[in-house]
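Starting from the structure of chain A, add chain B where the hints point.
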Amino acid sequence: MSSFPRRHLLQIEGMERPEIDAVLDLAESYVLLNRTGKTPRDLLRGRTLINLFFEDSTRTRTSFELAGKRLGADVLNMSVSTSSVNKGETLLDTAATLNAMHCDLLVVRHDQSGAPHLLAQKVEASVVNAGDGTHEHPTQALLDALTIRRRRGRVEGLSVAICGDVMHSRVARSNIHLLLTMGARVRVVGPPTLLPAEIERLGVEVFHDMAAGLAGVDVVMMLRLQRERMARGLVPSAREFFRFYGLDQAKLAAAAPDALVMHPGPMNRGVEIASDVADDPIRSVIREQVEMGVAVRMAVLDRLTRAALANA
Amino acid sequence: MPESRVPGTLSPDTLIERVRLFDPATGLDAPGALLIRDGIIADLGGGLGRPDGAVVVDGAGAVLCPGLVDMRAQLGEPGFEYRETIASAAVAAAFGGITTLACLPDSRPALDDPALVRLLRARGEETGSLTILPYGALTRGCEGQDLAEIGLLREAGAVAFTDGGRAIASARLMRRALAYARGFGARIVQHPEDPSLAEGGTATEGEMATRLGLPGIPAAAEAILVARDIRLAELTGGSVHFAHVSTGEALALIRAAKDRATRNGGFAVSCDTAPPYFDLNETAIGAFRSFARLSPPLRAEADRLAVVAALADGTIDAIASDHQPRDADDKRLPYTQAAAGGTGLATLLAVTLAQVHGGQLTLARAIALLTSEPARLLGSEAGTLRHGAAADLCLFDPERAWRVESGTLPGKAQNTPFDGRALEGRVLGTWKAGRRVFGA
Chain A
1 MSSFPRRHLL
11 QIEGMERPEI
21 DAVLDLAESY
31 VLLNRTGKTP
41 RDLLRGRTLI
51 NLFFEDSTRT
61 RTSFELAGKR
71 LGADVLNMSV
81 STSSVNKGET
91 LLDTAATLNA
101 MHCDLLVVRH
111 DQSGAPHLLA
121 QKVEASVVNA
131 GDGTHEHPTQ
141 ALLDALTIRR
151 RRGRVEGLSV
161 AICGDVMHSR
171 VARSNIHLLL
181 TMGARVRVVG
191 PPTLLPAEIE
201 RLGVEVFHDM
211 AAGLAGVDVV
221 MMLRLQRERM
231 ARGLVPSARE
241 FFRFYGLDQA
251 KLAAAAPDAL
261 VMHPGPMNRG
271 VEIASDVADD
281 PIRSVIREQV
291 EMGVAVRMAV
301 LDRLTRAALA
311 NA
Chain B
1 MPESRVPGTL
11 SPDTLIERVR
21 LFDPATGLDA
31 PGALLIRDGI
41 IADLGGGLGR
51 PDGAVVVDGA
61 GAVLCPGLVD
71 MRAQLGEPGF
81 EYRETIASAA
91 VAAAFGGITT
101 LACLPDSRPA
111 LDDPALVRLL
121 RARGEETGSL
131 TILPYGALTR
141 GCEGQDLAEI
151 GLLREAGAVA
161 FTDGGRAIAS
171 ARLMRRALAY
181 ARGFGARIVQ
191 HPEDPSLAEG
201 GTATEGEMAT
211 RLGLPGIPAA
221 AEAILVARDI
231 RLAELTGGSV
241 HFAHVSTGEA
251 LALIRAAKDR
261 ATRNGGFAVS
271 CDTAPPYFDL
281 NETAIGAFRS
291 FARLSPPLRA
301 EADRLAVVAA
311 LADGTIDAIA
321 SDHQPRDADD
331 KRLPYTQAAA
341 GGTGLATLLA
351 VTLAQVHGGQ
361 LTLARAIALL
371 TSEPARLLGS
381 EAGTLRHGAA
391 ADLCLFDPER
401 AWRVESGTLP
411 GKAQNTPFDG
421 RALEGRVLGT
431 WKAGRRVFGA
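Just so you know, the sequences run in chain order A and B. Using my numbering, the final residue of the first sequence is 312, and nothing's skipped along the way. Using my numbering, the final residue of the second sequence is 440, and nothing's skipped along the way.
Hints were generated in silico from the structure; no laboratory data involved. Every value quoted in this text rests on a predicted model; they were computed, and no experiment measured them. Every residue, glycine too, gets a C-beta built ideally from N, C-alpha and C. Don't take every hint at face value.
[Said to hold, decoys possible] Taking lysine to aspartate or glutamate pairs in the DMTMM-like style, the calculated list, with each CA pair at most 25 Å apart, reads:
| # | chain 1 | residue 1 | chain 2 | residue 2 |
| --- | --- | --- | --- | --- |
| 1 | B | Lys412 | A | Glu89 |
| 2 | A | Lys122 | B | Glu405 |
| 3 | B | Lys412 | B | Asp327 |
| 4 | A | Lys122 | A | Glu156 |
| 5 | A | Lys122 | B | Asp113 |
| 6 | A | Lys122 | B | Asp419 |
[To be verified] FRET-style restraints, in silico, Cβ to Cβ:
| # | chain 1 | residue 1 | chain 2 | residue 2 | range |
| --- | --- | --- | --- | --- | --- |
| 7 | A | Arg59 | B | Gln145 | 44 to 50 Å |
| 8 | A | Asp42 | B | Arg108 | 54 to 60 Å |
| 9 | A | Pro236 | B | Ala87 | 52 to 58 Å |
| 10 | A | Asp258 | B | Gly286 | 41 to 47 Å |
| 11 | B | Arg172 | A | Glu228 | 48 to 54 Å |
If we strip away everything but chain A, and leave its shape as in the complex, we get (with noise of 0.2 Å):
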């Protein structure tokens, strides 16, 4: 079995294929083991899961704690709301209370690029990176991944067309890593306002066109475009992005006959993609990655534990 000598999972970014294959191969069989009602319900038993969102998402944290439950954890949810980070509490301070806890995964959202970085310096449990800022998203990636090797049986040589708000989106940029790393072709598609500077550095080719954009790919992922994008000037309206960047049949058309369909999730109907795309039941695998999800943060979760006992 290949190593995975990490104690946490931080980025996609200096990842290595060897790793995540066996990520992925791990997620694969949890996905068998779900779908039979069969998981190793003793691997986390008697260790304690933290979901520390200091941003709300019903989604991802439900997608860990179903991860962690089905591998006997025991799981606590902290959000924001609720704790004392808005009185004034600093997220170290935060740090110190799940160590005194014997918190042993903390999965970790912030609003803050680099949030779970600074929290891994100072706690003594694995951190899980469930999205910061607008940095990374590791385990959307590793879901994504998974989905499209799924459906295509593979991911190298695959030309995946990332489009819509890259700027923002922690989404995009853990799966641009991801699948350079896995031998994808990756391009970007948005305006020029919504895509990062110098972002072909990365290893991307760079469309501001859908039709060109998306021209025989094998993946089109889309992402969310923020309600607030429009108010800071980025974008002029929701009806102008749709009309240019949302993706509808007729874009669709461009990519190959056979192109899945993604979304992280949650959509915005209407502006980013079309409600009849969202819904398409053969090339839509967007219900699909919510399924992938919860394997794939099974054998993150399988993962981590593992090391930290070879380690202890």
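Same frame as chain A, but now just chain B:
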């Protein structure tokens, strides 16, 4: 101190001998000794005798140069004493060989009242080791709205006018400030960063910020404001100084403007930079190191190289510490939430000397950038070794190695961007008006 005193003097003479006397202002670079009497430089050169009762310091071949003149530092006082006090800054300055320091006015309260300027000068004198030359606030409260009392502040001893770390955003206000200050022969110091482009940004826009998911500030935000303000200086006949310049594009504009000013006269442009901008680049941010969060943000390597070139070719007039004390609570935060700024007093000389050791700067140019040049810009008589001048001195061994370690630096603030950096060049002794304020 030995008890022996020469009759008729306030304190014993001090003879610092076996040193390399070094003063870029006069071109002095020769082995010899320097005699301090009554706080002033009584004699210097080769073949000085030892006066009876003099305290003799053996320099053992180290360099003796004027005490450093730091033209840009923020002090914790008044208003942020939890970060640093004037007393603690003076300790760090003495360790760094700095004997004169120009402090920024964006304190709390801002230095927008003549009484506050006088207070800061007096507080410097109280330290006994550091002359503080306050900048006056350019606008009331450094809020960028109404001009402060430039004439009265000048009279009270303000050396130049600035809103510190805040850029003068309004072109109209900048125009008026340059024109009005001209009547008093006063220089306007700008933080050259277009505030609307910089808003919310914490790193230089580019690959590094993109990878880390940090909100970016385009490097051009500096050149854009520099271009505007050069043009306004030409329009008004004013004198503008750009602080901590950090991009090649802005330096090219300044270089060209200085040429025009030399040829045609009628306005003046000058600038400084700070050690982080010629010693570090944006990769120092690493995995979100908040000590590397500075304002302006660290730049790409090409810009760092442009700063080095501009130090050598004279485009940059001075190196300032750009000291900005922060406490642990300001910095132990996710990168973007952490306060910008790094300490710089203790490391100013040694980081500058790295450019000498690397062959990019001569020792004469490096020391000029730290002594006579900033003194000239500040209108100060410090920064040179002259007979009859106050004996503000810095004795340093350019080769002695040490490592910068946050937590062990002198003074209260420990937020150095150079944490872990190995340096060559260590101050052995600092004298203020003839009194030894640092070194055994």
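Status of the hints after comparison with the structure:
no.	hint	result
1	B:Lys412 - A:Glu89	24 Å, holds
2	A:Lys122 - B:Glu405	20 Å, holds
3	B:Lys412 - B:Asp327	8 Å, holds
4	A:Lys122 - A:Glu156	37 Å, violated
5	A:Lys122 - B:Asp113	45 Å, violated
6	A:Lys122 - B:Asp419	19 Å, holds
7	A:Arg59 - B:Gln145: 44 to 50 Å	47 Å, holds
8	A:Asp42 - B:Arg108: 54 to 60 Å	59 Å, holds
9	A:Pro236 - B:Ala87: 52 to 58 Å	56 Å, holds
10	A:Asp258 - B:Gly286: 41 to 47 Å	43 Å, holds
11	B:Arg172 - A:Glu228: 48 to 54 Å	31 Å, violated
Consistency note: the structure conflicts with the earlier hints numbered 4, 5, 11.
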